[in-house]
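**Student:** Here's the letter readout for the chains.
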Amino acid sequence: MTPVLETRALEKRFGGIVAANQVSLRLEKGARHALIGPNGAGKTTVINLLTGVLRPSSGEILLDGKNITNVEPHSRVRLGMARTFQINQLFGDLTPLETLGLAISERLGTGTHWWRTVGSRAGVVDEIGELLERFRLVDVMQERTAILPYGKQRLLEIALAFACRPRVLLLDEPAAGVPDAERQEILATIETLPADVTVLLIEHDMDIVFSFADRISVLVNGEMLVEGTVDEVSHDPRVRAVYLGEAFDG
Amino acid sequence: MLTILFDGVAYGMLLFVLACGLAVTLGLMNFVNLAHGSFAMAGGYIALVLVNRMGVPFALGLVAAFVFSAALGALFERTLYVHVYNKSHLDQVLFTIGLVFMSVAAVDYVMGSSQQFIEIPTALQGQFDVLGIGMSKYRLLIIAICGVITVALQLALMSTRFGSQLRAAVDDQRVARGLGINVGVVFAVTFAIGSGLAGLGGALGAEILGLDPIFPLKYMIYFLIVVTVGGSSSITAPFFASILLGIGDVAGKYYMPKLGAFVIYTIMIVVLIVRPQGLFAHGRAR
Amino acid sequence: MLKPARPLSADIAGLLTARARWSALEFAFWIIAFASIFLFPDYYLILTEIVIWALFALSIDLILGYAGIISLGQAAFFGFGAYAAGLLAKHGLVTEPTLALIVSGLGAAVLGFFTSFLVLRGSDLTRLMVTLGVALVLREIANRFPEITGGADGLQGVTISPIFGQFRFDLYGHTAYVYSLIVLFVLFVIARRIVRSPFGLSLVAIKGNPLRSAAVGIAVNWRLVAIYTIAAAYAGIAGALLTQTSAFASLEGFAFDRSADGLLVLIIGGTGYLYGGLIGALIFRFAHDYLSSITPQYWQFWIGLILVVIVLVGRDRIGTWLDPVRTLADRIAAWRYSRRTRALGATSDGGGQP
Chain H
1 MTPVLETRAL
11 EKRFGGIVAA
21 NQVSLRLEKG
31 ARHALIGPNG
41 AGKTTVINLL
51 TGVLRPSSGE
61 ILLDGKNITN
71 VEPHSRVRLG
81 MARTFQINQL
91 FGDLTPLETL
101 GLAISERLGT
111 GTHWWRTVGS
121 RAGVVDEIGE
131 LLERFRLVDV
141 MQERTAILPY
151 GKQRLLEIAL
161 AFACRPRVLL
171 LDEPAAGVPD
181 AERQEILATI
191 ETLPADVTVL
201 LIEHDMDIVF
211 SFADRISVLV
221 NGEMLVEGTV
231 DEVSHDPRVR
241 AVYLGEAFDG
Chain P
1 MLTILFDGVA
11 YGMLLFVLAC
21 GLAVTLGLMN
31 FVNLAHGSFA
41 MAGGYIALVL
51 VNRMGVPFAL
61 GLVAAFVFSA
71 ALGALFERTL
81 YVHVYNKSHL
91 DQVLFTIGLV
101 FMSVAAVDYV
111 MGSSQQFIEI
121 PTALQGQFDV
131 LGIGMSKYRL
141 LIIAICGVIT
151 VALQLALMST
161 RFGSQLRAAV
171 DDQRVARGLG
181 INVGVVFAVT
191 FAIGSGLAGL
201 GGALGAEILG
211 LDPIFPLKYM
221 IYFLIVVTVG
231 GSSSITAPFF
241 ASILLGIGDV
251 AGKYYMPKLG
261 AFVIYTIMIV
271 VLIVRPQGLF
281 AHGRAR
Chain A
1 MLKPARPLSA
11 DIAGLLTARA
21 RWSALEFAFW
31 IIAFASIFLF
41 PDYYLILTEI
51 VIWALFALSI
61 DLILGYAGII
71 SLGQAAFFGF
81 GAYAAGLLAK
91 HGLVTEPTLA
101 LIVSGLGAAV
111 LGFFTSFLVL
121 RGSDLTRLMV
131 TLGVALVLRE
141 IANRFPEITG
151 GADGLQGVTI
161 SPIFGQFRFD
171 LYGHTAYVYS
181 LIVLFVLFVI
191 ARRIVRSPFG
201 LSLVAIKGNP
211 LRSAAVGIAV
221 NWRLVAIYTI
231 AAAYAGIAGA
241 LLTQTSAFAS
251 LEGFAFDRSA
261 DGLLVLIIGG
271 TGYLYGGLIG
281 ALIFRFAHDY
291 LSSITPQYWQ
301 FWIGLILVVI
311 VLVGRDRIGT
321 WLDPVRTLAD
331 RIAAWRYSRR
341 TRALGATSDG
351 GGQP
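Protein chains in written order, with our numbering: chain H, 1 to 250; chain P, 1 to 286; chain A, 1 to 354.
These are computed hints drawn from the structure, not numbers from a lab.
Derived pair list, reagent style BS3-like, types lysine-lysine, alpha-carbon separation capped at 27 Å:
no. : chain 1 : residue 1 : chain 2 : residue 2
1   : P       : Lys258    : P       : Lys218
2   : A       : Lys90     : P       : Lys258
3   : A       : Lys207    : H       : Lys152
4   : H       : Lys66     : H       : Lys29
5   : P       : Lys218    : P       : Lys137
6   : A       : Lys207    : P       : Lys87
7   : P       : Lys253    : P       : Lys137
8   : P       : Lys218    : P       : Lys253
Derived list of chain A stretches under chain P, where covered just means 3 residues or more per stretch with a C-beta under 8 Å from a C-beta of chain P:
no. : stretch
9   : 62-75
10  : 121-135
11  : 302-308
None of the values given here were measured: they were computed from a predicted structure. Glycine included, C-beta positions come from ideal geometry on N, C-alpha and C.
Required output: the full structure, derived from the provided sequences and hints.
**Tutor:** Pasting the structure below:
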């Protein structure tokens, strides 16, 4: 079966530094795949390559078997790929209401309609409301994003990716910087994703990785060390060596 | 034809001396100083007053232009510019345009609006005829002085402690600060020197470029082109950019009088299309 | 639109509609603007000038306030529109003024479209340089072909036919003013529609975070090309208006001063809410008259000083002086909204009340 998302020998060089070295990934439809590795291993680089923010030095990226290596970032979104950022990338001057309204309007193809008002297309309003409720953002929906507390911003960051109704979702450390109490909230929302959405999750929090992922890839110094099921990876001695000192009970 | 080349080189080197301060300011503080031309104009007019009206020797007039503009630069930097560094580019643009307008109006009021020329000593008038090339003595002087300045700048940048501090600060301001380099002082000194050089260039160039109150407006685009084509992370790149532009402008105006002025603009547009970060820059877009 | 099922959706729908609805203050503004036709018959010439500056500043607001493009050369399109209208009239190519206005605007739009690609690349500095350069190139072209443009003397012998064959441009400037005001109003309504649309929202998003905009599927560059082209058309129409109301076009239309003054007018009034250009034009003109009476020749000095002071004081802080007005507008909007929801009988969730 054609994997939904695949990379072949993906490489990214910055001058003399090899940030990604022969990275190969295969994600089947509906996969819950985690990408882990020490800091600086190149995980965010991989996501940037997948989304088109960075151009690979060599190698290929395929979405549903089609080569998208030279496709612009915004076009990849149109093809069904969405991501969240490790550090919140939001629209400071817009409200959550407007932010989600924007993403939904774009997805529905009304992004260039200069004669409409935002939200005049049927269903947009309902969808905004649904996302706001799901991500507990209703009480702040009219506030400027820039003044929202970090936890709410993080929820908006993820809600924004959800608003794109992606077929492939790339989550870059969704729980980063979020206090323990709210981590469960974030995990719970991720788990509400439909089963046919393919998810690649970068995370450091092993609890989230273990409860969420089916398969894990381990990236070290830009190279794929190991790839397999959660059991296989957690018992692999090489992985234990890399994570020396970290609690890693499977 | 070689005369054109000669004139173009002279013009280019003059442009370089005028614009190098702007290049370093941009590279160092990411600050767009559109009022750079005002410092050049100040130097020009000080030299004019001293030489024409007070009989000061031409050489001293040039030195005075440098000193006066440098002092003016230092003063403005410490009192006004320092408040604007952290503001948005739009604010910087508005601020420096405001300064330009003020300087243009002030000079118009004090010195009158007609174009004026500094009386150059008789020794510098006329030209040499070397191998069929007509070399104007004055342009020769320009090349000599600007050449010396360029070499001195490059030496200072590469071989002195201040130079390495400057290069460090241009490369990465935060790291430089972390290393104990007083970036504020580096910038103040650099700004002053850059303004001083602009003033010197204004005085030196009055003969070729003309001196009138709208000088900063007339030449704003030229300085911007030098900085954009040459990039702002070195001295050599703006230097070669200036030479290229100088030759292009002079040659263009000579061979195609009707369209000659467009050579510079065409170069600008072509460079922007091909390499937005500058023709000679090291591939880092600012 | 079907009545939404759940109260939250109703709230959201209401908020989004309120966002686009004309506020009471806006109605008041335009009523007064049109009333001025009857209230200030002695000031038609000045008022027409203000309208033209307002339209020009509006064009800058579209690219600066909504898309974040800093331009030092919007006068390129102004001057282009001015000469286009002048030449169309002088050579009898398009004699009806409103048609000539549209043609000039379209021409400016084409120019804007082709130069927009230069503006997309590079940093703020390159944009400054490119926009400045384009305006200078056009001015140089106009200067070099005096057979067509009249060169430094300006375009002579321009006669403007009556509008729709009916309304002659009279000596008092009555027709000119009404004409200009209507043009400004129509273009303003269109601009308002644009900025309140999903397209307009995407521009604000692009201005704030282009990276995230692309990550949401927005083709950033094409949107910028679009708004730059529209803004160029607006500036071109402003220039054409000047020519049609004064029967003259000159190199001054391309001048750096015009671009810089336009920027100042917008900054005075404030960017990003469309009325900034209009309010700024009013204030600018009054300031001009006042300062010119003090120092007729060196008024540029005061402009410079005002710019410097505005930046040093801080544009945000100056913006807060308008806060009482904005609070008033918000209160009126909230009152109208609550009246509406009470009338509909829907209960408010308590979430997101303005």
